[in-house]
Amino acid sequence: MTLSPLFWTYVKVVLLVATVPAIVGFVIVLAERRIMGFMQARLGPNRVGPQGVLQGLADLVKLVTKEDITPAKAEKAVHFLAPVLAVIPALTALAVIPFGPPVRIGKNMIPLWVADINIGLLFLLAITSIGVYGIILGGWSSNNKYSLLGGLRSAAQLVSYEVPMGLALVSVLLMSRSLSLVEIVRRQEATHLWFFFPGMIAFFIYFVAGVAETNRNPFDLPEAESELVSGFNTEYSGVKFAFFFLGEYTAMIIISCVAVTVFFGGWLQPFPHVKALQFLGLVPGAVWFLLKVGGFIFAYIWFRSTFPRYRFDQLMALGWKWLIPISLANILVVAFAILLFPGRTTGLVWLSWAFSGVFVVMYLLAKLRQKLAKRDRLAAVPQTVES
Amino acid sequence: MSDDKISQAEKDEAAYFAERAKAQASAAAAQSPSASGTQDAHTLFDVQEMELNFGPQHPSTHGVLRVVLKVDGEKILEAKPDMGFLHRGTEKLFETETYPMGIPHTDRMDYVAAATSNHAFCIAVETLLQVEVPRRAQLIRVILDELQRLSSHLVWLGTSGIDLGAVTPFWYAFREREQILDFFEEYCGARLTLNCMRIGGLPFDLTPGWTERLAEFIADVPARIDDYEQLLTDNRIWKKRTVGVGVISAEECVEWGLTGPILRASGVEWDLRRARPYECYDELDFVVPTRQGGDTYDRYIVRVQEMRQSVRIVQQCLAKLEPGEIRGKVPRVIKPVAEEVYASIESPKGEIGFYCVSNGTNKPYRMHVRPPSFINLQALPRLAKGHLVSDLVALIGTIDIVLGEVDR
Amino acid sequence: MALKKWLDKLTLLDLFDGLSVTGRHLFKKKVTIEYPEQKKLPSDRFRGMFRLDEERCIKCTLCAIECPINIIYIDWHNEKNEAGKNEKVLDRFDVDLKRCMFCQLCEEACPTVPKSIWLTTKTYEMAAYDRNESLYLDIRKLTDWREAPNVKPFTVVERG
Chain A
1 MTLSPLFWTY VKVVLLVATV PAIVGFVIVL AERRIMGFMQ ARLGPNRVGP QGVLQGLADL
61 VKLVTKEDIT PAKAEKAVHF LAPVLAVIPA LTALAVIPFG PPVRIGKNMI PLWVADINIG
121 LLFLLAITSI GVYGIILGGW SSNNKYSLLG GLRSAAQLVS YEVPMGLALV SVLLMSRSLS
181 LVEIVRRQEA THLWFFFPGM IAFFIYFVAG VAETNRNPFD LPEAESELVS GFNTEYSGVK
241 FAFFFLGEYT AMIIISCVAV TVFFGGWLQP FPHVKALQFL GLVPGAVWFL LKVGGFIFAY
301 IWFRSTFPRY RFDQLMALGW KWLIPISLAN ILVVAFAILL FPGRTTGLVW LSWAFSGVFV
361 VMYLLAKLRQ KLAKRDRLAA VPQTVES
Chain B
1 MSDDKISQAE KDEAAYFAER AKAQASAAAA QSPSASGTQD AHTLFDVQEM ELNFGPQHPS
61 THGVLRVVLK VDGEKILEAK PDMGFLHRGT EKLFETETYP MGIPHTDRMD YVAAATSNHA
121 FCIAVETLLQ VEVPRRAQLI RVILDELQRL SSHLVWLGTS GIDLGAVTPF WYAFREREQI
181 LDFFEEYCGA RLTLNCMRIG GLPFDLTPGW TERLAEFIAD VPARIDDYEQ LLTDNRIWKK
241 RTVGVGVISA EECVEWGLTG PILRASGVEW DLRRARPYEC YDELDFVVPT RQGGDTYDRY
301 IVRVQEMRQS VRIVQQCLAK LEPGEIRGKV PRVIKPVAEE VYASIESPKG EIGFYCVSNG
361 TNKPYRMHVR PPSFINLQAL PRLAKGHLVS DLVALIGTID IVLGEVDR
Chain C
1 MALKKWLDKL TLLDLFDGLS VTGRHLFKKK VTIEYPEQKK LPSDRFRGMF RLDEERCIKC
61 TLCAIECPIN IIYIDWHNEK NEAGKNEKVL DRFDVDLKRC MFCQLCEEAC PTVPKSIWLT
121 TKTYEMAAYD RNESLYLDIR KLTDWREAPN VKPFTVVERG
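Residue numbers (the working numbering), protein chains in the order written: chain A, 1 to 387; chain B, 1 to 408; chain C, 1 to 160.
It is possible that part of the hints are untrue.
Here are the computed distance ranges between Cβ atoms for each label pair [as the list claims (entries may be wrong)]:
#	chain 1	residue 1	chain 2	residue 2	range
1	B	Glu78	A	Ser129	35 to 41 Å
2	C	Glu34	B	Pro222	28 to 34 Å
3	B	Gly328	C	Lys40	31 to 37 Å
Read the hints as simulated data drawn from the structure, not as lab findings.
Quick reminder that beta carbons are idealized off the backbone N, C-alpha and C, glycines included.
The whole structure should be built from the sequences, with the hints applied where relevant.
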């Protein structure tokens, strides 16, 4: 019998919607708590299962069996709708992400993505913008002054950081000449150049904007517990809170996946042309993709455990006064590099070397200066007793 | 008769409110921009006061402190601390018990720095009794005080960090503090409510091996402080949150009576250990860290430097330890002469003092505490004016209050 | 100087330093003690649960006088023992554990050698479900609380 051409699409959709929330709940939450614990010189949760693997299940059971409280004068329909609006866009965005090269199943080559839209990046940006609605409606429908303020602040933050994110991706667009994510990976393969190297500044801006987009430390003021104005999700408990939570972590995964696809070669193996490292080709592309995304999630967790948080006005100033001008300048620089050698990638290669060289040199100089300053400081004030 | 009075009072009230409304309207009219002059602009640009309760239950008030805020949007117009939730009648308890029985109560005032509270109490009574504390006891008292200063500053560092979002220095600081508490436990039997000093000296001598292990531990501490500094001191986000927040000048500090790191960060080099040396501080070599700016970042630097200096002091005292008596000659029943004395020492939070009035019996007539946190908390309205609500958390942390001491 | 500061700012040196501190700690030894499988042994002077030795006690009530919170209730009466001399017999020795602050002043005040009331039993696991029954200790429980259902004598489980 012939399978409907959409059969594999249905399978992929079901798989994604079933596994990604499970991975978020079981793997990422546990990984975050344990890795943060390790960075803080303590063990994370390790009692619930062996090494704590069932902690996600315990959290899930707790959230599902909690009483579902809706505030008295809240808009019930909107209160119900807001978490849904926070989750669905994040899950939908998974549709365009290429998880790996096409694999052979039976007689068919099945691509490891649900849909290869030729405006993939634009689709992603648009879909994540819809997620902002969930936050605004969640804050407003709670009938709580402070939730409203928190929700509006969060929405303002999200909207303002979409601009540098988009502009950073524009510079990648110049390099890849296509908005389709699969096409971007193929171009990185063809030019033997991951777009991270010429797009170092773009990557940095994209990742910072991505962290701000998902309301994570150091940009998590709208939802931090120790701030006075509590976040939009104060009045939510139980499954609705679980949905907000799921939406936030799925957005984290989306940002990481896009960063990997656009800057780090997606499913490509590193060093494909180095003879000594040919064995890396044995690892399937999908595994490379997952490893790289895992690295980004680790970076998220690392940021969370290290940095203090920005105050809201400083956060907005950072986005508008620093990231946007730098991303605009970056577009100009990349465009210039491409136009210098039209049709060839030499411009990009030179740009990569220029960025790397300048960055490495400046970093070493800064480190040297730091060492000298420390030596001077120690000489000035007696620090410890000379025995 | 009373009806007349009531109606007169009502008339007065109505007149008062009418007066106020008129004054407000005219002030508002004067304030609104002349450009649009419409009713909408009038309400848009006016100061809209909202009264907010930074309640007694909040993760960042370091205890049960209520701050009544008047805010305009996010800007704080007025911040009034409302304390008293932890009042336990400590000063009255002092009056109903004999002098030695009061020492455990001082532990519970500043529960983060119990040794210094004990110490101040003992010094006050010793001054009345004119008892001399033997040298070994003095050195060990200084070691306990400085360890306590280190421990209290570690708590401050951790909680200050976590209030501003840096979650890891909390754990590192508490890891070090855990070891300090282990030393205390080994010495006097308790980790937090120490009861580690007696009138005339100390309750016990040191256990064997305590000094060696302490020397080993304290030699590691500067490297750990380097870790905390690497995480916070040059961090641009930390600087953005703390530089320029809560600036207070030296004259104002002296006027308000603020002591401790707040005073020293504003430029006044006043440390009771240097200015009015007690125990054996006059023979120890340490620096009193002072900064000129008076903002939160300066207070952070001053406390971190104080931690380093505490390490030096402990090392010097350990080197000077010799066998000897640990308690001076104190009568069995302590009945000081009927006099008054005020004795104060430098606790991690500021100057803690005991004003003791004795009437010749074995119970004090009055034992008043000068708690540094209480006096420093007075500055909160002055510090918070004009800052944003998010800065309030940083400010409460930088004053470094312990509610047990504020309320007693 | 301005150039150097600009250099620091641009290369995000301060942020990388912070990241390196937490990154290093990822591989360092963790200090968690996994209670209750692992426990720390309290020191010898640790002020924990107290015990009374009725034989040694001379009923001088100095501990009750010295207690800052007055939670020790002692009653005794005189009786003639076999030798015909007056001897004090304890009727009641109750300690209100709800309010004890374990300050050890009672132990310090006790004049007998060795002490008749002591706190250095290295026991701190005294949680109970029922407030009044288990927390108000009378003489039977004080002399040997191994029979009390909730007070557990301390056993060290080695750190793994």
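(message) If you test the structure against every hint from before, which numbers come out violated?
(response) none
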